[in-house]
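Visitor: One letter stands for each residue in the lines below.
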Amino acid sequence: MSKAKPTTKSKPSPRAKSTAKARPQLPKAPTGIQGLDEITEGGLPKGRPTLVCGGAGCGKTLLAMEFLVRGATEFDEPGVFMAFEESAQDLTQNVASLGFDLNDLVARKKIVLDYVHIERSEIEESGEYDLEGLFIRLGSAIASIGAKRVVLDTIETLFAGLSNQTILRAELRRLFLWLKDKGVTAIITGERGDGTLTRQGLEEYVSDCVIVLDHRVTEQTSSRRLRVVKYRGSTHGSNEYPFLIDEDGISVLPITSLSLDHKASSERISSGVARLDAMLGGAGYYRGSSVLVSGTAGTGKSSLAAHFADAACRRGERVLYFAFEESPDQIMRNMRSIGIDLQQWIKKGLLQIQAHRPSSAGLEMHLVMMHKLIADFKPRVAILDPLSSYVIGDNQIEVKSMLMRLVDFLKTRQITGLFTNLAQGGSPVGQTEIAISSVIDTWLLLRDIDGGGECNRGLSILKSRGMAHSNQIREFLLTDHGVELRDVYVGPEGVLTGSARLTKEAENEAEQLVRNQDVELRQIELERKRTTLEAQIAVLRAEFAVQEIASLKIIGQEKAQKAQLAQGRVDMGISRKVDAKPNKRKGGSK
Amino acid sequence: MKMNSARSAQPKAKASQLEIVPSQYILKLYVAGQSPKSTNAIVNIKKICEENLQGRYELDVIDLYQQPQLAQGEQIIALPTLIRKLPPPLRRIIGDLSNTERVLVGLDIQSKP
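These protein sequence lines map, in sequence, to chains A and B. Here the first sequence is numbered in numbering that gives the first Met the number 0, starting from 0 and rising by one per residue. Here the second sequence is numbered in numbering that gives the first Met the number 0, starting from 0 and rising by one per residue.
Since the hints were made in silico from the structure, they are not lab data. Hints should not be assumed to be uniformly reliable.
Not close to chain A: a few residues of chain B, all C-beta gaps over 12 Å, as computed [stated by the list, open to error]: (1) Tyr24; (2) Ile25; (3) Asn39; (4) Lys45; (5) Glu49; (6) Arg55; (7) Glu57; (8) Asp59; (9) Gln71; (10) Pro79; (11) Leu85; (12) Thr99; (13) Asp107.
The following label-pair restraints were derived from C-beta to C-beta distances [what the hints assert, rightly or not]: (14) A/Lys181 <-> B/Pro35: 22 to 28 Å; (15) A/Gln92 <-> B/Lys46: 18 to 24 Å; (16) A/Ser96 <-> B/Gly32: 20 to 26 Å.
From the three backbone atoms N, C-alpha and C, an ideal C-beta is built for every residue, glycine too.
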């Protein structure tokens, strides 16, 4: 895959499937099976046989049948199904549940069903023989509808019916060559053998493409997987891919091949709690980010999740809620108690709650189911509540890898994921049981703060990538109108919450009151002083005015006396016949 | 392709003398054209029938190349295939019938001493 050169003509697909090459490609027959064409990069090798093998009940027949039916209905390639194990009637009934109407397809000459029945007890062998009968049969079936696809469902059954292995092997080799000659795309199924892919070593004859199906049970839960072991002349996804058999047939999800190239949105969306939004840089989470809410039991993880769901629905966005511990009904009842009505969103089709027990299927199956549901419902927000229930026994590594893939998947689709995680009491803060912190963008920590004889909830943001977030612990209250965040009291006594906080707040208030009164008193005092002073000033002013008048009066009298005295001297001079003026001046100056 | 059809009426007196009603054998031999195995099988079965079932058998030889549609109904895989339609139960013998012993066992015929 690494050698792949992006073609010039192919449009860039979001799935980084630019593996289409400029060089000539092997012609391929699309299977129409969800995901399988993606893994095989186009389908099975056209005109060649493909071996599908696996243990009992792993879905070989179904895969082969779906290949045929899809070929007949979607790609206009009629097909022949040669069954060695099930009768045509059984087959028709078995696949009817998947919506395949074989009777109709047979009537429309799209499919031929041929049941080859070999009864060992009826058969006696005498001398040389060959399988020309099978060739003739198959040839006539192919010719009757112009088939392009052929399925031989467990041809190995022949080995049980016929004893001469040498002849059988030679004939099988001839059969596969003959199929190639005919140019039909064939699927040959084979039962898994001991140490070999098939019991009779069919892989020796069919070597163009080999697909192994597996149905394994770990920790009492089963998961189906598919792997393309080899594919001559083509690149292919080589991992084991989980697949699902449901009412739509088979879906394979190539979920292990995700790359780290998702876009990062700078759009912010509300967490549903205004105060929390304020803590998260004032605007809430980033769209398409992953949010982890971890905390010990009963700290309000689900409530926070419900708030987020509610907020998203209010914006008219679809929300897919995976619950692993509570039934949808229970969630809705519980959320109603804190004033969140989720029922209305379900009615409007904006919210879907999927409740499963984690033990109901293997991890891969869960992932596949989630993929499928997400692909169908196309939510903008996905909630998993809680992740920790996936951890059963010692499967943390698997859980981690699964969650990483889930987070990647959500991110490529720009779906905001909110996960809750139940932290065990006593485990170090900042470490989840499922060590997924590396894939989490925003991590909220809910915890119990005990003190003063009570247990209160505290919320803090452990990390939030790409935003200036608050470093404060807030008290987390569940009220009948939802979650509320309050400032905790931080003082010399430490962090106080609950009634201790209330007490402290009351104390503070009282203190404040006293202080306020003090200030008031001082102000009154000041005012009084001012008044006194002003009164004194007025008195002084009045006194001064009186004195001024008196002084002026005296000054006036003095002046008058002085003038009188001068006049008297002049008069005296006149009377004494004083000299002319200069003398007079001298005399005047003396 | 019908190559031979031998039928002979049962002489009733003879049958009662033997106190065993010899059963009527209806045999069908499916072959693929003129391949060596096919021709060998035809030769062999004719010989066996003449030697062991003289007068109480009916043999059809069918070439599947001519009538391929018969293969499915008769559940034929290997060729040549000899099918004993009667007497019941249905028996199949595959191969060129060169092993006479096995053919007789397969057809449930006691070989003549």
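Visitor: Now tell me, hint by hint, if it's right for this structure.
Guide: Each hint tested on the structure:
1. Tyr24: Non-interface label on tyrosine 24 of chain B holds, nearest chain A Cβ at 15 Å vs cutoff 12 Å.
2. Ile25: 16 Å, holds
3. Asn39: At about 7 Å from chain A, asparagine 39 of chain B fails to clear the 12 Å cut-off, so the statement is violated.
4. Lys45: Label holds. Min Cβ-Cβ 15 Å, cutoff 12 Å.
5. Glu49: The claim holds: glutamate 49 of chain B sits with its nearest Cβ about 17 Å from chain A, beyond 12 Å.
6. Arg55: 20 Å, holds
7. Glu57: 20 Å, holds
8. Asp59: Check passes; 16 Å lies beyond 12 Å.
9. Gln71: At roughly 6 Å from the nearest Cβ of chain A, glutamine 71 of chain B sits no farther out than 12 Å, so the non-interface label is violated.
10. Pro79: The assertion about proline 79 of chain B is violated, with a minimum of 6 Å to chain A.
11. Leu85: For leucine 85 of chain B, whose nearest Cβ neighbour in chain A is about 14 Å away, the distance exceeds 12 Å, so it holds.
12. Thr99: Answer for threonine 99 of chain B: violated, closest chain A Cβ roughly 8 Å.
13. Asp107: Aspartate 107 of chain B is in fact no farther than 12 Å from some Cβ atom of chain A, at 10 Å.
14. A/Lys181 <-> B/Pro35: 22 to 28 Å: 25 Å, holds
15. A/Gln92 <-> B/Lys46: 18 to 24 Å: At 47 Å between Cβs, range violated.
16. A/Ser96 <-> B/Gly32: 20 to 26 Å: 44 Å, violated
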